[in-house]
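Protein chains in written order, with full-length UniProt numbering: chain B, 1 to 357; chain G, 1 to 357.
The set of hints was computed from the structure by calculation and includes no laboratory data.
Given the structure is predicted, the values throughout are model-derived calculations rather than measurements.
All clues given are correct.
Ranges between beta-carbon positions, derived for each pair:
1) G:Leu301 to B:Val40: 37 to 45 angstroms
2) B:Asp262 to G:Gly251: 50 to 58 angstroms
3) B:Asp196 to G:Asp157: 29 to 37 angstroms
Built from N, CA and C at the ideal position, the CB exists for glycine as well.
Protein chains: 2
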Amino acid sequence: MTLRTLLLSATASLGLAAQAFAFEPLTIIDQGSFSAGGTVTTEPGSFDHRSPMDTAGQSFHGDHAYAFYQVPEAPRSLPLVLWHGAFQSGKSWETTADGREGFQTLMLRRHFPVYTIDQPRRGRAGNSTAAAEVSPMAFDQLYFDMFRIGQWPEYFDGVQFDGSEETLGEFFRSVTPNTGAFDPEVVSDGVSALVDRIGPSILVTHSQAGGPGWLTAIKNPDVRAVISYEPGSGYVFPESEMPEPMSGAAGTLEPVAIPDADFQKLTQIPIIVYYGDNIPEEPTDLFGLDNWRTRLAMARLWVNAINARGGDATLVHLPEEGIIGNTHFIFSDLNNAQIADLAAEWIEAKGLGGLAQ
Amino acid sequence: MTLRTLLLSATASLGLAAQAFAFEPLTIIDQGSFSAGGTVTTEPGSFDHRSPMDTAGQSFHGDHAYAFYQVPEAPRSLPLVLWHGAFQSGKSWETTADGREGFQTLMLRRHFPVYTIDQPRRGRAGNSTAAAEVSPMAFDQLYFDMFRIGQWPEYFDGVQFDGSEETLGEFFRSVTPNTGAFDPEVVSDGVSALVDRIGPSILVTHSQAGGPGWLTAIKNPDVRAVISYEPGSGYVFPESEMPEPMSGAAGTLEPVAIPDADFQKLTQIPIIVYYGDNIPEEPTDLFGLDNWRTRLAMARLWVNAINARGGDATLVHLPEEGIIGNTHFIFSDLNNAQIADLAAEWIEAKGLGGLAQ
Chain B
1 MTLRTLLLSA TASLGLAAQA FAFEPLTIID QGSFSAGGTV TTEPGSFDHR SPMDTAGQSF
61 HGDHAYAFYQ VPEAPRSLPL VLWHGAFQSG KSWETTADGR EGFQTLMLRR HFPVYTIDQP
121 RRGRAGNSTA AAEVSPMAFD QLYFDMFRIG QWPEYFDGVQ FDGSEETLGE FFRSVTPNTG
181 AFDPEVVSDG VSALVDRIGP SILVTHSQAG GPGWLTAIKN PDVRAVISYE PGSGYVFPES
241 EMPEPMSGAA GTLEPVAIPD ADFQKLTQIP IIVYYGDNIP EEPTDLFGLD NWRTRLAMAR
301 LWVNAINARG GDATLVHLPE EGIIGNTHFI FSDLNNAQIA DLAAEWIEAK GLGGLAQ
Chain G
1 MTLRTLLLSA TASLGLAAQA FAFEPLTIID QGSFSAGGTV TTEPGSFDHR SPMDTAGQSF
61 HGDHAYAFYQ VPEAPRSLPL VLWHGAFQSG KSWETTADGR EGFQTLMLRR HFPVYTIDQP
121 RRGRAGNSTA AAEVSPMAFD QLYFDMFRIG QWPEYFDGVQ FDGSEETLGE FFRSVTPNTG
181 AFDPEVVSDG VSALVDRIGP SILVTHSQAG GPGWLTAIKN PDVRAVISYE PGSGYVFPES
241 EMPEPMSGAA GTLEPVAIPD ADFQKLTQIP IIVYYGDNIP EEPTDLFGLD NWRTRLAMAR
301 LWVNAINARG GDATLVHLPE EGIIGNTHFI FSDLNNAQIA DLAAEWIEAK GLGGLAQ
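Sequences are here, hints too, so could you generate the full structure?
Written as structure tokens, this is what we have:
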């Protein structure tokens, strides 16, 4: 029995017949998970074995990052750290909502070791030193609009997102709440500790992770490149040369001032930023779309600021390259294999794609 | 370059030198993740693209389970569903706190397809229809006592748990909070939906998952066997024949009444329950230990009740088999490869270990 027939029969016997594609076997030479960074707090008093539900004298571990990693055979030397956006966890990068391979597996196939993380205070890294109230937030339609699948309930023509009800349900179920306030310093500290542990690596950030991704690269010289899909907050600029805030239907987007010397560190590594389709260039009163108009505009200023100071930043607005229909989740869209190729080719072009010796 | 030397060099270049063991390559013929079950709620009113931060007319997806799965080459036909306990997520089953292979990988090596889940309202399945306050709970010393690593700060002699500070820190960081009230019906509904999707399978439950594991097996005839490591709550009994509650230093353990016909369903599948070491047989005022005295005693009654009604339940108290030093986390203890062998051998003995055709 060949692996392929074994695969097909196993897939069928596992009831996974809905998967229309055949999975090519992968050889994994290491996998596992761990925590990185975080803090320990301790309550005053003495611990009593006889009343341990009293927290006196007890400690708490929180604010760490969680990572699940896999190393494929013939690995490249620099692993990818896949860092989800707001309302999301590592699940963002796994199987797509319509059941195809996500970036995690696509990048293993391209011989990158892959670390898929849950940032501090999210998902499996839920222990937070800051308390939070978690309430169900009915935001599915906000997500549909804001993540540019369409304008609820209409899908954009040609959108790179499967139109079935099942897919949309699975997409909405990738949402998971913060278990403590989102804090760019806390999450970048956690990811920087992860980079300390794994060594030189490439950050791949999405949306809300954009901002703390820059902070991580500033904190840790072992971040050797950053690929950012639609960074959505935390556009850092040198405090001596701040752009104006940008206002629109989704509120005011404030650039974040950082010391010039910190900004300068971002000029030392190659950076690429991707934005997808259906982002208006002119103001509109549609919140979910206008949100990205200002962000794309700010990203253009940001890339220019990096390059004006000697850096190597590229902004790719995919429709300008003839790649159309991408949502805010570029890396899990219907064309995500092409998107993965673009990323791998960029890494190679920057001389960072070599195999481990 | 052989895979082994590649592995060693890759491991070194990834800064994973702390891992003392060499990982044998694994061939994976499918992997990915998905959600299962859950509900959808909708707010009254109409959604407005111009004010989407208002939840009017918007829906919410919550209370689903999350699973990451892998299928090894030459897979057995029945996959394992690895279901964590209280304060834990799927991380329980991944790399052990001291960096060895956890049950997830150990069972792949034994040719089981493995589904590692986060139950509804936990980890990556954090969206809950019930609101929750999440506060840092300083319970590290409670865990140390209750999970029978020792009596803080002393480790038990011969405990199957690495004594380094690093290991203990990593262990504590596997803790992650509920993002909605723990509800045995909600979590068993989620896992039953997962079993509907994947077909006939074997549940492997830990601690708090014990009770909802029985409920899942009652709800879903595709649960073909249950392996339960130290079930800690939800001991279900036929309502016509209830045992007395059991009291001790950790409070009163109440058996849970269910319809006789439901209990009878548990007699239709093989079940094995494991308990580890350092559980006192006589009452003690030490909370973390006495907690398990009553639970082990209740488990004995439970297994007897199953078997008295024609079932096939086995209770293995590991020290009675000469296997000593196990904590509450039997499957990640230092002897977890032996524990994995015991589970695989039991599955085979029950005629459920065959390969997929």
